[in-house]
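Q: Here is what each chain is made of, one letter per residue.
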Amino acid sequence: GAVVSQHPSWVICKSGTSVKIECRSLDFQATTMFWYRQFPKQSLMLMATSNEGSKATYEQGVEKDKFLINHASLTLSTLTVTSAHPEDSSFYICSASTVSTGSVIFAFFGQGTRLTVV
Amino acid sequence: LAKTTQPISMDSYEGQEVNITCSHNNIATNDYITWYQQFPSQGPRFIIQGYKTKVTNEVASLFIPADRKSSTLSLPRVSLSDTAVYYCLVGDMANQAGTALIFGKGTTLSVSS
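Protein chains in written order, with this note's numbering: chain U, 1 to 118; chain W, 1001 to 1113.
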């Protein structure tokens, strides 16, 4: 399957600082990428849709000023957690879709980024 | 709101066939059914995707009845390494702009020796 890569795999930061997470589609172009958050023992929760060249669309309850998303190219989307607090500690996962033969889309996920705010 | 319903957990033994059924009563005409596997602290891994009837790959089979209101993921001869959470999702995978997949609670499969 197609490869979606996230960096870093894990990060520890101090409360009040900002952290940037990168999501790259390595062997295909993705006009749309998606960001999810997952707390322990819970399912993935969609945070936002990242659109190349335009503003991201955020799900209800997700603060757009806190979770800044930039989709600067067809292979890169970044999520910046600004002024991080301990409650932002979570597992962040991105997803990108690619089209197969027959015009059917397949969605692939990155390996995730474990954010710990201390 | 997730569009699918799955059993919360299942138990099996090594070498057995495991069938996980997913209910999606409100599936739309353009929706495809996709299954993912997730290990702790990893992103979901694509297993299989289908629209109708049966789809098979090197890892699993997906059975979809004619009314498409449910689907069954079949894992042949599971091993301990198949212990994971399995998610069934439905979404418009013909939408070239990309479709956000909404996750339900998934099924935790535990395989014992």
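Hints were generated in silico from the structure; no laboratory data involved.
A hint or two may mislead.
With a cut-off of at most 25 Å between alpha-carbon atoms, the simulated DSS-like pairs for lysine-lysine come out as follows [what the hints assert, rightly or not]:
hint	chain 1	residue 1	chain 2	residue 2
1	U	K66	U	K20
2	W	K1052	W	K1069
3	U	K41	W	K1003
4	W	K1003	W	K1052
5	W	K1052	W	K1105
6	U	K41	W	K1105
Just so it is clear, the structure is predicted and the values come from calculations on it, not from any experiment.
Q: If a hint holds in the structure, say so; if it doesn't, say that too.
A: So, going through the hints one by one against the coordinates:
1. U/K66 with U/K20: With Cα atoms ~12 Å apart, U/K66 and U/K20 stay inside 25 Å; holds.
2. W/K1052 with W/K1069: holds (10 Å)
3. U/K41 with W/K1003: holds (20 Å)
4. W/K1003 with W/K1052: Holds: W/K1003 and W/K1052 sit about 17 Å apart, inside 25 Å.
5. W/K1052 with W/K1105: holds (23 Å)
6. U/K41 with W/K1105: holds (10 Å)
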